[in-house]
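For the protein sequence lines, the chains are A and B, in the order given.
For the first sequence, my numbering begins at 1 and goes up steadily by one.
For the second sequence, my numbering begins at 1 and goes up steadily by one.
Worth flagging that the hints you see were computed from the coordinates, not collected in a lab.
Fair warning: this is a prediction, and the values are worked out from it, not measured in the lab.
There's no promise every hint is true.
[Unchecked claim] Heads up, simulated DMTMM-like pairs for lysine to aspartate or glutamate below, C-alpha to C-alpha not over 25 Å straight-line:
1) B/K300 / A/E150
2) B/K300 / A/D145
3) A/K156 / A/D301
4) B/K132 / B/D7
5) A/K38 / A/D259
6) B/K132 / A/E265
7) A/K45 / A/E265
8) B/K178 / B/E163
9) B/K225 / B/D7
10) A/K38 / A/E221
11) B/K132 / A/E221
12) B/K300 / A/D151
13) B/K132 / A/E150
14) A/K38 / A/D323
15) B/K225 / B/D213
16) A/K45 / A/D323
17) A/K156 / A/D178
18) A/K38 / A/E215
19) B/K132 / A/E217
20) A/K38 / A/D301
21) A/K45 / A/D178
22) B/K300 / A/D259
23) B/K202 / B/E215
24) A/K45 / A/D301
[Claimed, not checked] Some, not all, of what chain A presents toward chain B, calculated at C-beta under 10 Å:
25) R254
26) Y255
27) F264
28) L271
Glycine is no exception: its CB is placed at the ideal position from the N, C-alpha and C atoms.
Listed here are the chains, written in short residue letters.
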Amino acid sequence: MLTRLLSNDFPRSRILAVLLVVLLFALAFAPFLFPGVKALNVAAKILVFIVLVASFDLLLGYTGIVSFAQTMFFGIGAYGIAIASTGMGPGWTAIAVGLVVSLALSFVLALAVGLFSLRVRAIFFSMITLAVAAAFQTLASQLSDITGGEDGLTFKMPEVLSPGFQWAQEPLFGVSLDGRLLCYYLLFVVTLVALLAMLRIVNSPFGRVLQAIRENEFRAEAIGYPVVVYRTTSSVLSALFATVAGALLAIWLRYNGPDTSLSFEVMLDVLLIVVIGGMGTIYGAAVGAGIFVFAQSYLQDLLKLASEATGSLPWLSALLSPDRWLLWLGLLFVLSVYYFPTGVVGRLRALRAGG
Amino acid sequence: MNKFDFDWKPVALVPVLALLVFPFIGSPSTWVTLTVAGLAMGMIIFIIASGLTLVFGLMDVLNFGHGVFIALGAFVATSVLGAMGDYTGSSSLWVNMMAVLPAMVVAMLVAGAVGLAFERFIVRPVYGNHLKQILITMGGMIIGEELIKVIWGPLQIPLPLPEGMRGTIFFGDAGIEKYRLIAVVVGLLVFGALLWVLTRTKIGLLIRAGVQDREMVESLGYRIKMLFIGVFVVGSALAGLGGVMWGLYQQSVVPQMGAQVNVLIFIVLIIGGLGSTSGALIGALLVGLMANYTGFLVPKAALFSNIALMMAILLWRPQGVYALSK
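Hey, can you work out the whole structure from these sequences and the hints?
Printed below as a string of structure tokens:
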């Protein structure tokens with residue numbers, strides 16, 4: 001049963017297994033274990049990022065190509081829900097229509113970008129995705145009649161998912177059983193299913209071919225696998241999962257704007273999580289997202305304290321200001337790629353192999 | 001290359017594009033204004049892109065952090081020009097030059113020096129690994145952009161044109177801004193210098209040979225690494241120069257400008273063919289013209305028109321107009 005669920009891809013490290021179980025347990029009972037609005041928001045963000053980062057890992061870690069348009073697909077998913085819910089009014093039909101339309105759009109875009117760039121060189125793909133994502137970001141803020149421009153869109157969800165909806169009078173373990181709780185568990189279930197689906201994909205024969213292409217493109221082509229087709233399929237799949245992640249984000253936040261889903265900052269977060277967690281391991285995405293989002297949500301406060309404490313040294317204080325958060329992320333990113341290329345999962349697995 | 005089998009089709013693209021849009025614009029004087037503006041923008045983009053394409057051709061290194069040097073050059077220029085108010089305030093073009101030239105030189109020196117460090121600490125450890133190169137140089141770009149914000153602040157800084165470079169010259173009905181003419185002249189000078197170095201000097205010969213076959217040049221006893229570092233530094237310095245010109249063109253600088261221009265540069269390189277200098281020139285001119293024409297006709301579609309242009313070119317020649325035979 002477990003073998004089937006995990007597609008015969010076990011953590012292969014005792015510490016990693018413990019980490020994953022702790023993460024699963026913490027996320028499954030987050031509303032009861034960590035009461036409070038902020039804690040629940042952090043848990044939901046972790047769930048969304050697990051899907052987003054795993055979808056990116058499908059491309060970066062398993063196929064070995066770098067896309068800078070992952071946030072574009074993430075944004076398409078979020079805007080799909082936002083625009084449909086604003087235009088059609090809150091309801092399940094709006095969610096369904098928004099999701100289907102955005103999935104279709106992501107499919108077409110990913111296919112077009114993949115076919116245009118991947119038939120030449122994988123490096124073209126990175127450049128073209130960067131250009132297309134920049135253009136899309138401009139478009140999203142220009143079409144302010146539809147997308148709300150820089151302000152974004154605030155909208156309502158079906159009543160069942162809204163905080164005002166109480167489906168039991170008595171609170172359970174001190175937690176009121178409202179729509180927000182249902183919404184959280186909706187996210188949890190979708191994330192779990194998506195993660196297991198991706199695990200299934202990378203451990204299928206198709207996933208093996210992707211890894212073969214990553215290791216040696218020329219050889220894979222020579223054995224008879226059409227590299228372009230496999231790479232494009234992988235980029236389309238990755239785009240679709242990212243779209244789902246975007247939809248989850250919009251459902252949870254009941255708001256979407258360029259900064260929450262489209263900005264380059266989100267892209268950097270995703271890159272960093274994949275590297276920290278471990279490229280080419282779906283588990284790395286889960287562990288990385290958990291650690292990173294948690295750290296991000298609480299470390300920025302710490303940075304603020306440090307900045308205030310060093311107020312007497314203006315230069316150091318400017319470096320430590322929370323506005324310079326990206327600087328430290330960038331440094332961390334470069335250092336991780338150099339000294340920590342296999343990430344948490346890779347290190348843990350090496351630990352077991354070594355001892 | 002034999003003179004007689006020179007591939008002229010891509011060169012013809014530039015006038016063809018200019019003539020094709022003529023009926024849509026209608027008025028000849030507007031068309032002339034837009035075309036000159038497009039060529040000026042194209043020349044600036046070419047200055048920035050030339051270093052990047054050579055670096056890629058020589059060492060197969062694609063520097064996603066190239067944009068940082070653009071922003072750095074522009075910000076250095078704001079400091080230098082700001083300190084030379086007496087010269088920029090004068091209405092004489094030659095006195096203005098006394099301020100702009102040092103600004104350009106300082107910007108190039110700073111960008112070149114940072115380029116040297118960038119090559120040493122960011123790029124060198126990841127030779128031969130495209131995946132890591134893309135990730136690392138992108139990381140370097142973010143760090144650079146944030147450091148610029150620490151030094152100059154995160155806000156937009158105005159970079160006004162010196163007095164003597166403002167204003168418009170009229171040829172008949174067609175008004176052409178003075179600065180655009182200056183940009184075209186500087187662009188042509190840089191292009192001429194590059195062409196001269198690449199085709200008439202020994203260093204240029206080695207660079208071109210290295211682009212074509214690195215191992216062969218190495219086996220003849222030349223240290224291509226040194227050559228490469230040189231090209232990287234010059235490329236960064238040129239990006240700094242381009243940044244100064246871009247900043248003066250926009251009359252303001254923001255820390256994010258590097259990333260914005262980077263997108264244009266990538267479109268140019270893809271159109272031109274990675275590693276090709278003449279391809280980069282044609283790509284830059286096409287992108288500059290396209291941006292100005294669509295900016296006039298359908299302002300909202302400016303960036304998309306360039307992507308559409310890129311897609312069209314890729315349909316015609318998947319490797320870019322001048323592909324390196326590798």
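Evaluation of the provided hints:
no., hint, result
1, B/K300 / A/E150, "holds (16 Å)"
2, B/K300 / A/D145, "holds (14 Å)"
3, A/K156 / A/D301, "violated (30 Å)"
4, B/K132 / B/D7, "violated (35 Å)"
5, A/K38 / A/D259, "holds (19 Å)"
6, B/K132 / A/E265, "holds (19 Å)"
7, A/K45 / A/E265, "holds (15 Å)"
8, B/K178 / B/E163, "holds (11 Å)"
9, B/K225 / B/D7, "violated (31 Å)"
10, A/K38 / A/E221, "violated (50 Å)"
11, B/K132 / A/E221, "holds (23 Å)"
12, B/K300 / A/D151, "holds (19 Å)"
13, B/K132 / A/E150, "violated (33 Å)"
14, A/K38 / A/D323, "holds (21 Å)"
15, B/K225 / B/D213, "holds (14 Å)"
16, A/K45 / A/D323, "holds (21 Å)"
17, A/K156 / A/D178, "holds (15 Å)"
18, A/K38 / A/E215, "violated (42 Å)"
19, B/K132 / A/E217, "holds (17 Å)"
20, A/K38 / A/D301, "holds (13 Å)"
21, A/K45 / A/D178, "holds (19 Å)"
22, B/K300 / A/D259, "holds (20 Å)"
23, B/K202 / B/E215, "holds (18 Å)"
24, A/K45 / A/D301, "holds (17 Å)"
25, R254, "violated (29 Å)"
26, Y255, "violated (24 Å)"
27, F264, "holds (7 Å)"
28, L271, "holds (7 Å)"
Hint violations for this structure: numbers 3, 4, 9, 10, 13, 18, 25 and 26, all remaining hints satisfied.
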